[in-house]
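Asker: Which chain is which? The protein sequence lines are A and B, in order. Here the first sequence is numbered in our numbering, starting from 5 and rising by one per residue. Here the second sequence is numbered in our numbering, starting from 5 and rising by one per residue.
Bear in mind the hints are in silico, worked out from the structure with no lab data behind them. It is possible that some hints are incorrect.
The list treats identical chains as one, so a pair stands whether inside a single copy or across any two.
[Said to hold, decoys possible] Dumping the calculated DSS-like pairs for lysine-lysine here, alpha-carbon to alpha-carbon at most 30 angstroms:
id	residue 1	residue 2
1	Lys116	Lys376
2	Lys116	Lys352
3	Lys353	Lys61
4	Lys204	Lys322
5	Lys238	Lys114
6	Lys115	Lys353
7	Lys376	Lys23
8	Lys70	Lys200
9	Lys353	Lys376
10	Lys352	Lys15
11	Lys272	Lys15
12	Lys114	Lys272
13	Lys331	Lys23
14	Lys238	Lys204
2 protein chains.
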Amino acid sequence: MQRTELVSLYKATPADGTKVTVCGWAKTVRDSKNIGFISLSDGSCYKPVQIVFQADKLANYAEIAKCGLYTSFEVTGTLVLTPNAKQPFEINADAITVLGPCGPEYPLQKKKMGMDYLRTMTHLRPRTNTFNAAFRVRGQAAFAIHQFFHERGFTYVHTPIFTGSDCEGAGEMFQVTTMDLNDIPRTEDGAVDYTKDFFKRPVNLTVSGQLEAEAMAMALGNVYTFGPTFRAEKSYDTRHAAEFWMIEPEMAFADLNTYMDTAEAMTKYVIRYLLDNCPDELAFFNQFFDKGLIERLELVANSDFARVSYTDAIELLKQNDANFQYKVSWGMDLQTEHERYLTEQIFKKPVFVTDYPKEIKAFYMRQNEDGKTVAAADMLVPGIGELIGGSQREERLDVLLARLDELGLRREDYDWYLDLRRFGSVKHAGYGLGFERLLMYVTGIPNIRDVIPFPRTCGGF
Amino acid sequence: MQRTELVSLYKATPADGTKVTVCGWAKTVRDSKNIGFISLSDGSCYKPVQIVFQADKLANYAEIAKCGLYTSFEVTGTLVLTPNAKQPFEINADAITVLGPCGPEYPLQKKKMGMDYLRTMTHLRPRTNTFNAAFRVRGQAAFAIHQFFHERGFTYVHTPIFTGSDCEGAGEMFQVTTMDLNDIPRTEDGAVDYTKDFFKRPVNLTVSGQLEAEAMAMALGNVYTFGPTFRAEKSYDTRHAAEFWMIEPEMAFADLNTYMDTAEAMTKYVIRYLLDNCPDELAFFNQFFDKGLIERLELVANSDFARVSYTDAIELLKQNDANFQYKVSWGMDLQTEHERYLTEQIFKKPVFVTDYPKEIKAFYMRQNEDGKTVAAADMLVPGIGELIGGSQREERLDVLLARLDELGLRREDYDWYLDLRRFGSVKHAGYGLGFERLLMYVTGIPNIRDVIPFPRTCGGF
């Protein structure tokens, strides 16, 4: 008999009495003398189904009743509607076959296991309710992002992972090589002989696809990247990973407002998508990780985000200065305490802070007329603070050159990037969203290691 | 006046006489004494729009007429329906502003440029018709793949880029480090001191996410990866890149037929999606790269793929042995000439070759009852040969252990992978599709360097 996925039983439940065959893994196996229950999950949906098995129907009743957690089964039986139970139906087994046993040595037994312990077995933890929900949400959120941009005519672009080593942030980059570290080839004067390396030059892993995305936007109009990025940051906290995924949209003929409109629409779209498509997973997180989760997500999805200039935000924050660890003054970078105060206490909804001092922002951001600020904006959300950062890009060749000089950056290192301003330059804007940041926000999971299937963080894995 | 994207003019063309503002880059600027034409493109669709500008309407007529290729413009004018022309409408300009000039030093002038030359300026080549089409198709194909799996309930998973160094294929892997290559830390006995490296161990870049995808499938049922993979292969041909994107679906409760059914459906889905959504781009490739392209794609999209065992395929090929460079015998790996002969001459449509000798396939493939072959299958398509490879995985712990021993692989290196067979093992299957391989196939572009925005191949970039 053809196997039926559990998801299709839930989507269109067959009539009472229908014969079905299902496969899956036991989340629990319970039994009393003559009747037993298996909570069976097959991964096709978050919800398991209850299998009822009886001694008078199954010759192998005793064998099944003794099976451990996560034994895999094939079950043929009768679908029974259960209108008075929590679940809409159960399956009364006619036959149960063990596909793969799972004995008492299985390390994930049905007791409360710490997240630290589970991190030591990343290959098994997707089988727990928490991680199963986390990785389902991860997959759905990724699809929602692709669909959002696709519907709006953005072209998905793959920017390179391997990059030259001569750009900003080199200190926190990983180097890639095929040379034997035990025996690094040397030139006559003792330097590393990169002509012997795979690319015949030093090569690092990308920290951002933005600059390449800008090149693509100058031909394709609206583009976005969605790929892994790498930071060799020596950080042991719960918010940084060495390998993480970024979404970096870049829009031609666009200004700061275009970026903010797009980022706001994207955030609401993804959250609404998850509320609609992952109700069971979000209910789980709401119950076990963050009682205010769904309420907060609904607030974000239904708000018109506020917008306030950095200068005005500083004035607003000063009124609460006594309560901040870091005192507020114009020119400073906002700390998480300031960001959260703005979005949670003052605006009580997401807010874009715009037009930051140029000294605390990147060289490529567009200078405002005041000579002091740049057309950058960070999106702050209740619960965590900054979720997205973006800016209008400096499209004027002379202004960009002057800024490079001012910062002591070498023009020749940015030659191809400057070409984008030399040849048919147009105003454009873009932003960056750390995918794991978003996932922590929508699940309430507090540690980045727990929203990545196989996390890679400082110190080892 | 609010700018209108060209794509929306093509999707729902406004009434004759409507005033519009458009922005874009000039693909060509032509003029005679009093009338000029700009072919304007804004990236929102592949098609440009024709701008007509006249000396008696524009004070800056002479300035505009002198503008070079890829100057960016803002144009306000009147939409004029042109039912007798090739294009359905044009825009008669009332005002044209130069947004960004583009002078004679622009390296991509309107003459036939070689692909080699264009590869030296990857940041500008998306502006050409060829690369613009290639990267539009790339984005659309990626979306089609996501949508295909999403519709079928597969969860998108991100497998890690950083991997331990102790698995198969290590010889062709890139190593990642934060140590100073000029001054590698050493232990007392002179070995590389990896405790000083970022992860405190040797780390490489992944060559495949399959094994991790299998772990995810044992909890989520059906999953797929879509991410970059890396091979440090010293290959200078047109088919290999050091950095490329792979799609690796993995399905629980699935056998070889499930894989073949899914791979066939996916291939047809993507091709149909591109035929429907990128008609202009495919028409371009059909005209300039491969006159048989669209016909071949239609054939694939409309065929029921054939299936033949390796053993039968060898017998069929032997009948043509005189014409092959590599002579045919049971046990050999099929060469491209054999694969193409099978799919192009014998079956005249895509064909799965199944049940290969175990000696030429990977350790994880499921052994058949005959003791000689494994449940693997390659999908061959007319024009190139192998497009997809996949297999049912060996789910039996004892058989897998015996195979590791037989091949001299160390059990301890696969300990976590073996756990998947120790605890609730189920039959499962999966496959791998090189995304660039697919793109070369659907565009007719013969060099992998030209379907990747910023290619990274052996010898440098």
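Asker: Does each hint hold? Answer for all of them.
Answerer: Status of the hints after comparison with the structure:
1. Taking the shortest Cα distances, Lys116 and Lys376 never come within 30 angstroms of each other, neither inside one copy (54 angstroms) nor across copies (46 angstroms).
2. With identical chains, the CA atoms of Lys116 and Lys352 are never at most 30 angstroms apart, being 36 angstroms at best within one copy and 58 angstroms at best between copies.
3. Within a single copy, Lys353 and Lys61 get their C-alpha atoms no closer than 58 angstroms, and across copies no closer than 50 angstroms, so neither meets the 30 angstroms cut-off.
4. Neither within a single protomer nor between protomers do Lys204 and Lys322 lie at most 30 angstroms apart by alpha-carbon distance, with minima of 54 angstroms and 45 angstroms respectively.
5. In this assembly of identical chains, the alpha carbons of Lys238 and Lys114 never lie at most 30 angstroms apart, being 35 angstroms within a copy and 50 angstroms across copies at closest.
6. Taking identical chains as interchangeable, the C-alpha atoms of Lys115 and Lys353 are never at most 30 angstroms apart, the minima being 38 angstroms within one chain and 54 angstroms between chains.
7. With identical chains, the CA atoms of Lys376 and Lys23 are never at most 30 angstroms apart, being 73 angstroms at best within one copy and 39 angstroms at best between copies.
8. In this assembly of identical chains, the alpha carbons of Lys70 and Lys200 never lie at most 30 angstroms apart, being 61 angstroms within a copy and 49 angstroms across copies at closest.
9. Taking the shortest alpha-carbon separations for Lys353 and Lys376, only the intra-copy value of 28 angstroms comes in at or below 30 angstroms, while the best inter-copy value is 65 angstroms.
10. When the C-alpha separation of Lys352 and Lys15 is checked against a cutoff of 30 angstroms, the pair qualifies neither within a copy, at 38 angstroms, nor between copies, at 40 angstroms.
11. For the identical chains of this complex, Lys272 and Lys15 are neighbours both inside a copy (26 angstroms) and across copies (26 angstroms), given an alpha-carbon limit of 30 angstroms.
12. Taking the shortest Cα distances, Lys114 and Lys272 never come within 30 angstroms of each other, neither inside one copy (37 angstroms) nor across copies (44 angstroms).
13. In this assembly of identical chains, Lys331 and Lys23 lie within 30 angstroms of each other by CA distance neither inside one copy nor across copies; the values are 69 angstroms within and 53 angstroms between.
14. When the C-alpha separation of Lys238 and Lys204 is checked against a cutoff of 30 angstroms, the pair qualifies both within a copy, at 28 angstroms, and between copies, at 12 angstroms.
Violated hints for the displayed structure, listed by number in ascending order: 1, 2, 3, 4, 5, 6, 7, 8, 10, 12, 13.
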